[in-house]
Amino acid sequence: MKPAINTGEYFITGDVACAEGALAAGCRFFGGYPITPATEIAEHLSVRLPKVGGTFIQMEDEIAAMAAVLGASWGGVKSMTATSGPGFSLMMENIGLGICTETPCVVVNVQRVGPSTGLPTQGAQGDMMQARWGSHGHYEIIALAPFSPQELFYQTIHAFNLSETYRLPVLIMTDEMVGHMSEKVIIPDAKKIKTVSRCKPKGRKNRFKLYEPGPNLVAPMPAAGEGYNIHVTGLTHDTRGYPDMTVETHKQMMDRLIGKIRGNLNDIIQTESYRLDDAEIAIVSYGISARTSSAAVDEARKRGIKAGLLRLITVWPFPEDKIRELANRVKGFVTVEINLGQIHLEVQRCIGGKVPAFLVGDAGGAVIPPDRVLEVLKEAF
Amino acid sequence: MKPGHPPGHPLEDLLRTDRIPSIWCPGCGIGTAFSSCLTAIKESKIDPKKVVMVSGIGCSGRAAGYVKLDSFHTTHGRAIPFATGLKLARPDLTVIVFSGDGDLFAIGGNHFIHAARRNIDITVVCVNNFNYGMTGGQAAATTPSMAKTPTTPYGNPETPFNLPLMAYASGAVYVARWTILHSRDLTESINESLTKTGFSFIEVLSPCPVNYGRRNKEKPLDTLKIYKDRTIIKNKAHPTQVDLDYEKGIILGKFVDVDRPTFGESYAKICRQDKPE
Ligand SMILES: Cc1ncc(C[n+]2csc(CCOP(=O)(O)OP(=O)(O)O)c2C)c(N)n1
Ligand code: SF4
Ligand SMILES: [Mg+2]
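Line by line, the protein sequences give chains A and B.
No gaps in the numbering here: position 141 of the first sequence is 140 in numbering that gives the first Met the number 0, and each next residue is one more.
No gaps in the numbering here: position 143 of the second sequence is 142 in numbering that gives the first Met the number 0, and each next residue is one more.
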């Protein structure tokens, strides 16, 4: 067998860095379906997984890919899929099954331009709200938006760790630009990589209840074949995992599914502040657009405009408190994203009209140039 | 057993008795097919800890909720790809997919043919009741031509699938068809396929008196009478010859039992092996 962690310094694409991050996190199953601009993740893992004792399978569609990923996870194996817009749409129902049955796994969306087939080879950030609400029913989700190949490597590991800790599908909402750009990526020594695995049940097997939560509202998770006789269903279920079609049980289940995320926001949410301490204008951005934004901040500062950047690494759950806190001390906000206003809506919601908020957005297909942000900074404030 | 207590169910150790009674209607055939499946698991002598059941959505799909094994009730049509992921992650497990005709062959048809083509080492038991029982009896991909259902009020204008033929053409290594009246043969077939390596498919013809029978002038006993009088057991019949024809007679039996490498075996050989530099 080959080593799963290829320690070293590389010049690789974001997609390849993502695949290497998955291996470093302990991912040993990938089920996917080819789609630009995520295909390279699958291709890289088709080479690497069998050599580290894992399995790669190209399924017949993204619905099957997502189902297989959930099945593998219940087999006790860390699993992942990667796709882009159209495939992400197809995965939605089974992402919901993953949420309801609390199945750890990672779903990567290397975003391209939609709606529909759109501009298949060009990047966008148009699936951010789909990531939040794309599957039916109400739920909480975790979505990360790394801004460089190096960060994609680390955040893929982190996505696995979060999914194993909180038992849900974690979404990596990267974009074509980050997925396809080549940059220096350092893969550290295996000893320096922190990985988390799902908490396993202890105690008597016949007394075991599949969804009896521990202190952080997450229940320990056995794998199939360990003698627990688990029943796993997407129907509303009680703590035994048994279907129960009552409003009360549904509420209890929902309280926990939502509570395990909302109750651990400090552990989950990551943001990065850039020149924000004395800023009068806060730019909010993520993924490739955060690069546009930090360049715009530097330009603005040269012109005496006190701008700063709040970079969202975690997009969902949304860092509401951070925005509210900023709203008390800045004169206004600018959201930069390659869509026509999705995270912008969240920013507005959190500001609650206290200060003005502007959007620098695009329908997609290209990186937003820093000049466009600078113009708004100059004119609007 | 304490004196005065009724004897337990013979399959008690494989049943979630705390979930009984089931949702299945009186006269429904699913329970019989399910019992055969449990008996086969028992007779196969495979450690039940290592046997897993995966179902989709439908009346038949509820089976996973009653079996006292690790069991998964997934989404409509997706039991097979879920089982594929589970089996590839855990080759040590024996994986049974137990689901309905609508689930496996309409919404999930694409997954069926691909799992058979890949020869994923699982056993698929399909309860074919010719309709979508759970949602009220609408037409399925198996509904006979001209049959009346709530979505074919003038008679079904479509042609149904011949399921064994589809399984055979897609690459299944074991293909059989029985009715719930042939529970001994059915049990034997399931038992055989559990220990067989590769993609096995067993079709079980089963009455849905409530939603299908009622609209097609078949009382529960009529259906069983058809299963008795108009079936012909013909092992090794070619799958092209077994389309369901009540006039000619319904052909039952084991149609295919061949061997070829599974996905897992080929993957290990072709992809896992380090090639000499
Ligand atoms: C995506 C989706 N579409 C539709 C349904 C509604 N639905 C539930 S069961 C079912 C049909 C089940 O038919 P079959 O598999 O033949 O099972 P039976 O009830 O006949 O045993 C349908 C259409 C669903 N649950 N999910
Ligand atoms: S509706 Fe039909 S298939 Fe469903 S339980 Fe009732 S008789 Fe059986
Ligand atoms: Mg049916």
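Don't take each hint at face value.
A few chain B residues that face chain A, going by a derived Cβ cut-off under 10 angstroms, partial list only [to be verified]:
#1 His72
#2 Ala114
#3 Lys216
#4 Pro219
Please keep in mind that the hints were generated in silico from the structure rather than gathered at the bench.
Cβ atoms here follow ideal geometry from the backbone N, Cα and C, with glycine treated the same way.
How the hints compare with the structure:
no. : hint   : result
1   : His72  : 4 angstroms, holds
2   : Ala114 : 9 angstroms, holds
3   : Lys216 : 33 angstroms, violated
4   : Pro219 : 27 angstroms, violated
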